[in-house]
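**Student:** Now for the letters of each chain:
Number of protein chains: 2
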Amino acid sequence: MTAHSKLTARYGTPDISPLTQCNVIIEQLLDHRSVRAFTDRPLPEGTIETLIAAAQSASTSSNLQVWSVLAVQNVDRKKRLSALAGNQAYIHQAPLFLVWLADLSRVSRIAEQQAVELEALPYLESLLLGTIDAALAAQNAVVALESLGLGSVYIGGIRNDIESVAKELALPPQVYPVFGLCVGYPSPDRPTKVKPRLPQQAVLHHETYSATGEEGVLADYDERLGAFYQREGMKASGWSEQVVSRLRSVSSLHGREELLGELARMGFGLR
Amino acid sequence: MTAHSKLTARYGTPDISPLTQCNVIIEQLLDHRSVRAFTDRPLPEGTIETLIAAAQSASTSSNLQVWSVLAVQNVDRKKRLSALAGNQAYIHQAPLFLVWLADLSRVSRIAEQQAVELEALPYLESLLLGTIDAALAAQNAVVALESLGLGSVYIGGIRNDIESVAKELALPPQVYPVFGLCVGYPSPDRPTKVKPRLPQQAVLHHETYSATGEEGVLADYDERLGAFYQREGMKASGWSEQVVSRLRSVSSLHGREELLGELARMGFGLR
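For the record, the sequence lines run as chains H and E. Numbering follows the UniProt record's numbering, in which position 122 of the first sequence is assigned residue number 122; successive positions increment by one, without gaps. Numbering follows the UniProt record's numbering, in which position 133 of the second sequence is assigned residue number 133; successive positions increment by one, without gaps.
I should point out that these hints are in silico values taken from the structure, not numbers from a laboratory. A hint or two may mislead.
Heads up, the list lumps identical chains together, so a pair's fine if it works in one copy or across two of them.
Computed list of lysine to aspartate or glutamate pairs in EDC-like fashion (alpha-carbon distance at most 20 Å, straight line) [said to hold, decoys possible]:
#1 195 - 257
#2 195 - 49
#3 79 - 207
#4 235 - 257
#5 193 - 15
#6 167 - 207
#7 193 - 146
#8 235 - 117
#9 78 - 207
#10 193 - 27
#11 193 - 232
#12 193 - 258
#13 195 - 232
#14 167 - 31
#15 195 - 222
#16 79 - 215
#17 195 - 27
Just so it is clear, the structure is predicted and the values come from calculations on it, not from any experiment.
Construct all of the structure, not just a fragment, from the sequences and the given hints.
**Tutor:** Here it is in structure tokens:
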């Protein structure tokens, strides 16, 4: 597969200018797809350590490193986490389930030892710091695992009931699970395709934000995504339809409407 | 430089087991460093489009794509943004300044057109969705730009005064700048070293969270980081000391203590 065919798959249209610069790394990034079916093949020894070294190499705000990661391999625990995260079977089928944590507890323990109060901690900003740190780290792990022939899928459902997840994983106060990540070898029986994304014009702005011409761009995308689903033998709904049906009712949050209260009970200041 | 020497630089110690698996992509990830000095060399045409294609290839929750990015190249605008983000000179020295946005406005515009209310939107969960989406996308862009010989540094200071940034960039309601990213060719006059991170034992937990033995691990890291700063000719303070001095007073937030109120005024529900 050429770089250009990867680009046309990414945008769901052959009508796109080739990238002026490309290489094997960019080709791998373009070729990303979420994997939701895994083989039984165990991960080679040392895989977790390799992924975490890649994750730790990502940037972290002021080198605070306010994140941690939990590697879950125990089948029963994976099943209990799966039940908490919306009952997605691939969570316990994947040999490895990583839970990425925003972790303000480590810096709090250090301050406690020195008998210092961290006045800058109980703010929404700290929640964002930990969340962003965890996300940058996790994405590096995803790039690394794909380079090793592994596949993965992020599990936002881990936020459906963060208090129960915290109990299952013995999380101390000021730690919350940002998302999970299933990791394993992709099943050849259920290959997944690259899902087309919005045209660049919809997400990329120059100098100032502008939504001018957006309607036409989104209509194009609705068509491209519908055609993609049709090719895949699925119900051909457009993106606009999906977005609205996903967000129109609180029930689609599956418990995440309680996040603010739960985080407060879990020791986050959130001022 | 061998893969193993990259790993020892990453952890600031020669006393570390080699990775069992490695390749050019993982080596590039290990070798990441933030770049804060750039040459005048302009970016080749098409660079922005390449980086955004990589960014859009990252996972996004339920394919909602609740992020956008602003490419700022105008020198005066970069200077004004630099002033708002803590006066860091490299913001206007870099040929390209990307502002990564959590963007709930696009889905809101779609719903408005269909005269549907998105009841699931005004929750903290939506802020996290947009923040995580933006972070995963940005990290892919960083991996892509480093593969092209470019360097970058994240600018969290863009959150110091998000209302003024929103005004400068004409952001509509329900959009906030998560972080900036300076992009350019690294200046050979001021090469940066890989900064050692916490030992894996401090961030990686198995099955359940445990801080047992953490004190010794952190003491080791304080020593390694101090030695790194000394080698670099800087004041040799340990990590624990840095963390505490960074977080002990609200003044270190440089305005980010107002984020909650600002986001509310900018149209985020945050229930």
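**Student:** Indicate which option fits the pair residue 79, residue 207 if close means a Cα-Cα distance not exceeding 20 Å: within, between, both or neither.
**Tutor:** Answer is between: at 13 Å across copies they meet the 20 Å cutoff, but 48 Å inside does not.
**Student:** What label fits residue 193 with residue 232 when the C-alpha limit is 20 Å: within, between, both, or neither?
**Tutor:** Cα proximity of residue 193 and residue 232: one copy only (9 Å, versus 47 Å across).
**Student:** Is it within a copy, between copies, both, or neither that the alpha carbon of residue 193 lies no farther than 20 Å from that of residue 27?
**Tutor:** Classified as within: same-chain Cα gap 15 Å, cross-chain 27 Å, threshold 20 Å.
**Student:** With 20 Å as the alpha-carbon cut-off, assign the pair residue 235 and residue 117 to within, between, both or neither.
**Tutor:** neither (55 Å within a copy, 24 Å between copies)
**Student:** Under a CA distance limit of 20 Å, which applies to residue 195 and residue 232: within one copy, between copies, both, or neither?
**Tutor:** Within one copy only: 11 Å inside a chain, 45 Å across chains, cut-off 20 Å.
**Student:** With identical chains treated as interchangeable, where does the CA-CA distance between residue 193 and residue 146 reach 20 Å or less: within a copy, between copies, both, or neither?
**Tutor:** The answer is within: 15 Å in one copy meets 20 Å, while 27 Å across copies does not.
**Student:** How do residue 235 and residue 257 come out at 20 Å by Cα distance, when the copy is not named: within, between, both, or neither?
**Tutor:** For residue 235 and residue 257, the Cα distance exceeds 20 Å both inside one copy (29 Å) and across copies (46 Å).
**Student:** Between residue 167 and residue 31, at a C-alpha cutoff of 20 Å, which is it: within one copy, between copies, both, or neither?
**Tutor:** neither (37 Å within a copy, 36 Å between copies)
**Student:** At most 20 Å between alpha carbons: which applies to residue 195 and residue 222, within, between, both or neither?
**Tutor:** This pair counts as within: shortest intra-copy Cα distance 13 Å, inter-copy 44 Å.
**Student:** Between residue 193 and residue 258, at a C-alpha cutoff of 20 Å, which is it: within one copy, between copies, both, or neither?
**Tutor:** neither (34 Å within a copy, 43 Å between copies)
**Student:** At most 20 Å between C-alpha atoms: does residue 79 with residue 215 qualify within a copy, between copies, both, or neither?
**Tutor:** Neither: 43 Å inside a chain and 33 Å across chains, both beyond 20 Å.
**Student:** Within a copy, between copies, both or neither: which one fits residue 195 and residue 49 at a CA-CA cutoff of 20 Å?
**Tutor:** So residue 195 and residue 49 pass the 20 Å test across copies only (18 Å; inside, 30 Å).
Hint check: violations occur at hints 1, 4, 8, 12, 14 and 16; the rest are consistent with the structure.
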